[in-house]
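Chains as they are written, first to last, in our numbering: chain Z, 1 to 227; chain X, 1 to 227; chain P, 1 to 227; chain V, 1 to 227; chain F, 1 to 227; chain C, 1 to 227.
Honestly, I wouldn't trust all of these hints.
If we take Cβ atoms under 7 Å as the criterion, some of the chain C residues that face chain F in the derived model are [what the hints assert, rightly or not]:
#	residue
1	H31
2	P42
3	P46
4	K198
5	G205
6	M214
7	A219
8	D227
Quick look at which bits of chain V chain C covers, simulated, 3 or more residues with Cβ under 8 Å [stated by the list, open to error]:
#	stretch
9	86-94
10	98-109
11	161-174
12	178-185
13	192-201
Cut-off 20 Å, straight-line C-alpha distance, at most; resulting in silico cross-link-like pairs (DMTMM-like, lysine to aspartate or glutamate) [claimed, not checked]:
#	chain 1	residue 1	chain 2	residue 2
14	V	K198	C	E75
15	P	K122	X	D227
16	C	K8	V	D227
17	C	K220	F	E189
18	F	K220	F	D123
19	V	K143	F	D210
20	F	K16	F	D210
21	P	K198	Z	E195
22	C	K198	F	E189
23	P	K143	P	E126
24	P	K198	Z	E126
25	C	K128	V	D227
26	P	K8	X	D227
Just so you know, these hints were derived from the structure itself, not from any lab. We put the CB at the ideal spot given by N, CA and C, even for glycine.
Protein chains: 6
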Amino acid sequence: MNNLGIVKRNITRADKAAVEKLSRFGVATIHEAMGRVGLMKPYMRPIYNEAKICGTAVTVLLQPGDNWMMHVAAEQLQPGDVVVAACTTDNADGFFGDLLATSFQARGAVGLIIDGGVRDVKDLTEMKFPVFSKAIHAKGTIKATLGSVNVPVVCAGAQVNPGDVVIADIDGVVVVPAAIAQQVADAAEAREANEGDKRAIFASGVLGLDYYKMREGLAKAGLRYVD
Amino acid sequence: MNNLGIVKRNITRADKAAVEKLSRFGVATIHEAMGRVGLMKPYMRPIYNEAKICGTAVTVLLQPGDNWMMHVAAEQLQPGDVVVAACTTDNADGFFGDLLATSFQARGAVGLIIDGGVRDVKDLTEMKFPVFSKAIHAKGTIKATLGSVNVPVVCAGAQVNPGDVVIADIDGVVVVPAAIAQQVADAAEAREANEGDKRAIFASGVLGLDYYKMREGLAKAGLRYVD
Amino acid sequence: MNNLGIVKRNITRADKAAVEKLSRFGVATIHEAMGRVGLMKPYMRPIYNEAKICGTAVTVLLQPGDNWMMHVAAEQLQPGDVVVAACTTDNADGFFGDLLATSFQARGAVGLIIDGGVRDVKDLTEMKFPVFSKAIHAKGTIKATLGSVNVPVVCAGAQVNPGDVVIADIDGVVVVPAAIAQQVADAAEAREANEGDKRAIFASGVLGLDYYKMREGLAKAGLRYVD
Amino acid sequence: MNNLGIVKRNITRADKAAVEKLSRFGVATIHEAMGRVGLMKPYMRPIYNEAKICGTAVTVLLQPGDNWMMHVAAEQLQPGDVVVAACTTDNADGFFGDLLATSFQARGAVGLIIDGGVRDVKDLTEMKFPVFSKAIHAKGTIKATLGSVNVPVVCAGAQVNPGDVVIADIDGVVVVPAAIAQQVADAAEAREANEGDKRAIFASGVLGLDYYKMREGLAKAGLRYVD
Amino acid sequence: MNNLGIVKRNITRADKAAVEKLSRFGVATIHEAMGRVGLMKPYMRPIYNEAKICGTAVTVLLQPGDNWMMHVAAEQLQPGDVVVAACTTDNADGFFGDLLATSFQARGAVGLIIDGGVRDVKDLTEMKFPVFSKAIHAKGTIKATLGSVNVPVVCAGAQVNPGDVVIADIDGVVVVPAAIAQQVADAAEAREANEGDKRAIFASGVLGLDYYKMREGLAKAGLRYVD
Amino acid sequence: MNNLGIVKRNITRADKAAVEKLSRFGVATIHEAMGRVGLMKPYMRPIYNEAKICGTAVTVLLQPGDNWMMHVAAEQLQPGDVVVAACTTDNADGFFGDLLATSFQARGAVGLIIDGGVRDVKDLTEMKFPVFSKAIHAKGTIKATLGSVNVPVVCAGAQVNPGDVVIADIDGVVVVPAAIAQQVADAAEAREANEGDKRAIFASGVLGLDYYKMREGLAKAGLRYVD
């Protein structure tokens, strides 16, 4: 049996307009708009603070210490794609550096999400190629064992299918299934509008206790004020 | 029995002059001035490098995945307070974001120390609302279960009582019991003066071995120089 | 028996020209030039992003919570040295701060690599004294138990002998044995030249698959393209 | 949008004969038979050494600190099922104890895999109810927020769909998709037969170098024997 | 200022009858009876599976790599006491072994809870001296720096005051403040009785959904059953 | 340059008599006898409680996810050897199982120390082949990249040279350089004799405070007894 060694060429990417709309919102907003699901684990951090990504996923399943599939993935990239790299085991080697970034950028990719390590961080920062990773590690990798490209993967605790929208900013990384991208974008828009109003209200000194009418619920739950 | 669901309204805050004086010193200095106690664990990190806090603690005991008590705490805040949020279990959800920060800031709070996650970090940075946390995580929280406000808590390994002074900077977070705040501030001042002198001495090439008269002690302990 | 309490005064430092040449290359390049060995674990991070070190190792073996040996090490420093501090057990206390940094800098040291904690990070950053550490921690240390200076140590998973060249940048920390410093520097130079060419090629859209002639190997390994 | 709060009642369980056949093999063998995929992370450990599970997955998506959905899942259990519980965030609370185990056992469930904590371990051991978990923790949970039952989940890094076969023993936990259960069972059987032969051969002193004919490959890769 | 170097000789131990009553219940039951507070973190594990402790706390605050205060604590022990050892920083050295255990046992101590390491585990197991620790580590410690005995400490995330009741079993470690020991014991007794009934009910096939009347609440929260 | 791909055939093993003598003592005793150095990190745990190893090291440097070198190492084994396997990066894959154990046992090896994962733990336990590892993991490995055999390695934080004596028991793993094996064995013997006496003394109620004459030192350090 062989569940590895597969490259799927034709994937259905999320609708471009939905991706564009999702790019206007932050990760926290989109995660809320989806009903509080879809987040990667918080150990995924940007290599520089301003890093921000919104694109359609080309997925890669790596083997530990081996970045062969990253090269295979490069050929499958289209403008607007983000590479989402998982690994068959926990491994923080430096699977990715400035040369692969140059190649990915030449294909129009907008960033990398990797449940592993990256290196050449100074170059990547200068190139403004955003990467969210588990680690920064100079450790080199080999090209010897097959993984897969564009199969469903689990990356940093989140299920990612090829073509899904992946959004990343300083708050983390969220995955929006392609099928509901437009719906989530609309929900995020509604939520965002609402937030702006709230900010002004809370700035004026109104308490969440009153604005959200929490006092009754708290009392019912048994909250006791003591002196 | 019910050890949760309590909000203490009247707490004794540390003396304002002592707080002001403590605000002039760094965390390392204050920790030394107290006899090397009172530090939180080093996983507590600022969300931006320049973040600095010195204020009187309003404590919150959270339940995992639930930020209801943060809203209850907001009402108890007075100018100069810092919210110190602990949790009944390890949990890195995003209990706090820009809206709560707006509310806290409107009440005069000077920052947040949370043994959990925060989100909306870009907004918080722009608002210059300093936060020290265990994680940055977009994960949303609910409002369903009671914790407490202004009870003694253990936050990141440190005991914090309501009204204690909490000082945070890039070196970490230290807690000064209200009762000894003035005494610690005085000790910190004495220590700081002393440090300035030392810096010049060491810059001139004098060794700590000589300045601190360590050579005899080292020899007595058996230190051997070999070629 | 006594394996501790030793200070070796005369150590053979790597050739100055080799050190100078190594200083021109990044950690990832040097690690590759050595055949992918010599790296410390990726938990070693710079206290500020621009930190960069290249120098000859003066090694220190610390005891937990005790920085006595740091003072002993100071006397052994020569211009161009980097202090590499290991500990007899896992410990993240703040073994090092601005006063020791002043002393080290006065002796000509170019930085510190420590498998432990540091403090006074704001001062160290202003002094431009680069430090790579496991943690930032205000926790103070004592001066009571002997360790050693200039003995072989294991620091963050890497073997370091006194006099070895240690190079550190945002990608991590690499150790080059003194005996092969020139050879590694030459190999790094060759590799770097080669990299520059590649960057332009990949920027033009050539794929690694073609440039490295990977297609045959991948097919032979059984890679299948599906639609 | 609402991705939570769903209970799927009719799921397609893997073929009973395939499950029975898979139950004869260990986790390592099955993982190899699948082409080295499908494993959960190694932090998943049995609560007692002899614990062994092979059953069809009823999946649960929990909220942190909340085990409401475990009760909902109980009703969906059929004889031979194993409950696979994931959580929307990292949380090690004690979601499961002897009462739920009694209920699960009464329904014919054969065990629990939980990316969280369990308690009442002494009782569970006496009941011979096998559990593989991330932690043992007495921390109690509430019943306040909806998760889901029988939706696809990511548990300890592995994708699990309802009805998949889950096998667990002292070597870890592996997930076999229902659709390939029979095929994997057959491959495992073939592999196991083969292993028995090998054990005798290696016991007689034959080296893997010779048995697997590795010497040529090693020489070609450049292996050098030195004295 | 000096917050360390203190030995409090006269402490108020929890009532003997309450301690005896608490010893009949498990950690999970007692934690629930207290309203779900008082637990140490789940990394605290017994050195052998059958280890069980119930006693009154003599607290120790250790310095990293230094077990001097363990000897000081020994003199303060009375029959029925359990030593609860915290440390001023994270440190897993082997602070405790068979000799100290012999000494503690000679004084009537019933066990040790230590947020650090222990060694001589084989001997401790044979002596049936129960220990719950963060680590097993052969690393030796020194006797050079003062900590304190019988001051309030934070051990594995829990506040412990001298004289509190500490109960430990395979589910973890829980701390009951001396002042409420009797009350908690009574609540635990009530809870336990209740549990026995429930076990039989669930064994008969009754679901928690029905027994706890959860269906209405779930429906109200929006739970949807789909096919 | 090529620092990998080397197999050293002729190594100098520690003196047999010294190894035999060291086998009589526990890890904690030997570590103390060496002056408190030589320990591996405490995450190294036995796969079964009774596991105990004392032998001469044949070292292996593995690549992540690749156990090719384990087979190369097998040929270098002599009766009484213990395999000490390090990896070029952090990796917990299952590098070792029952077949390699059979092969190692056939060559006379007495155990395995591996800074990685193992599998087939049930078989290994039945074979009574002792293994100390970082993890238990079913994850399979490949045979594609060269590492080395019988070169100096860093394993779980300890430097190990081929031929060194490695002793492992439930307290951890300690490495004794071949050159001082006899000296350490003698020191351990002296220490052990001494311990037996002490155990009886402490059992009689004598305090360490008095036996070790600590009271004066404590008083001098400033210890204060309060009521």
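Going down the list of hints, with the structure as the test:
The closest approach between the C-beta of C:H31 and any C-beta of chain F is roughly 5 Å, which is under the 7 Å cut-off, so the hint is satisfied. With a least beta-carbon distance of about 4 Å to chain F, the hint placing C:P42 at the interface is held under the 7 Å criterion. Against a cut-off of 7 Å between C-beta atoms, the interface hint on C:P46 is violated, since the closest Cβ of chain F lies about 10 Å away. The beta carbon of C:K198 comes within 6 Å of a beta carbon in chain F, closer than 7 Å, and the hint placing it at the interface holds.
The criterion of a C-beta within 7 Å of any C-beta in chain F is met by C:G205, whose closest approach is roughly 5 Å, and the hint holds. Below 7 Å, beta-carbon pairs count as interface contacts, and C:M214 has one with chain F at about 6 Å; its hint therefore holds. For C:A219, the suggested interface contact is broken, since its CB lies about 10 Å from the closest CB of chain F, more than 7 Å. Below 7 Å, beta-carbon pairs count as interface contacts, and C:D227 has one with chain F at about 5 Å; its hint therefore holds.
Here the stretch 86-94 of chain V counts 0 residues with a CB under 8 Å from a CB of chain C, which misses the bar of 3, and the coverage is violated. Counting residues of the stretch 98-109 of chain V whose C-beta sits closer than 8 Å to any C-beta of chain C gives 0, which falls short of three, so the coverage hint is violated. Counting residues of the stretch 161-174 of chain V whose beta carbon lies closer than 8 Å to any beta carbon of chain C gives 5, which meets the minimum of three for the stated coverage. Evaluation of the coverage hint for the stretch 178-185 of chain V: breached, as 0 residues show C-beta separations to chain C shorter than 8 Å, against a requirement of three.
Coverage of a stretch by a chain is defined here by at least three residues with a beta carbon nearer than 8 Å to that chain's beta carbons; for the stretch 192-201 of chain V and chain C the count is 3, and the condition holds. Between V:K198 and C:E75 the alpha-carbon distance is near 17 Å, which keeps this suggested pair within the 20 Å criterion. For the suggested pair P:K122 and X:D227, the alpha carbons sit about 37 Å apart, so the restraint of at most 20 Å is broken. With a C-alpha separation of about 6 Å, the suggested pair C:K8 and V:D227 falls inside the 20 Å cut-off, and the hint holds.
A hinted pair counts as satisfied when its Cα atoms are at most 20 Å apart, and C:K220 with F:E189 does not qualify at roughly 49 Å. Using a Cα cut-off of 20 Å, the hinted pair F:K220 and F:D123 is violated, with the two alpha carbons roughly 57 Å apart. The hinted pair formed by V:K143 and F:D210 meets the criterion: a straight-line CA distance of about 14 Å does not exceed 20 Å. Restraint check for F:K16 and F:D210: the C-alpha separation of about 41 Å exceeds 20 Å, so the hint is violated.
Using a Cα cut-off of 20 Å, the hinted pair P:K198 and Z:E195 is violated, with the two alpha carbons roughly 48 Å apart. Taking the CA atoms of C:K198 and F:E189, the gap is near 43 Å; set against the 20 Å cutoff, the hint is violated. This hinted pair does not check out: P:K143 and P:E126 have alpha carbons roughly 27 Å apart, beyond 20 Å. A hinted pair counts as satisfied when its Cα atoms are at most 20 Å apart, and P:K198 with Z:E126 qualifies at roughly 17 Å.
Of the pairs offered as hints, the one joining C:K128 and V:D227 is violated, with about 33 Å between alpha carbons and a cut-off of 20 Å exceeded. Annotation: proposed proximity of P:K8 to X:D227 holds, straight-line Cα distance about 6 Å (limit 20 Å).
In the structure shown, a violation is registered for the earlier hints numbered 3, 7, 9, 10, 12, 15, 17, 18, 20, 21, 22, 23 and 25, in ascending order.
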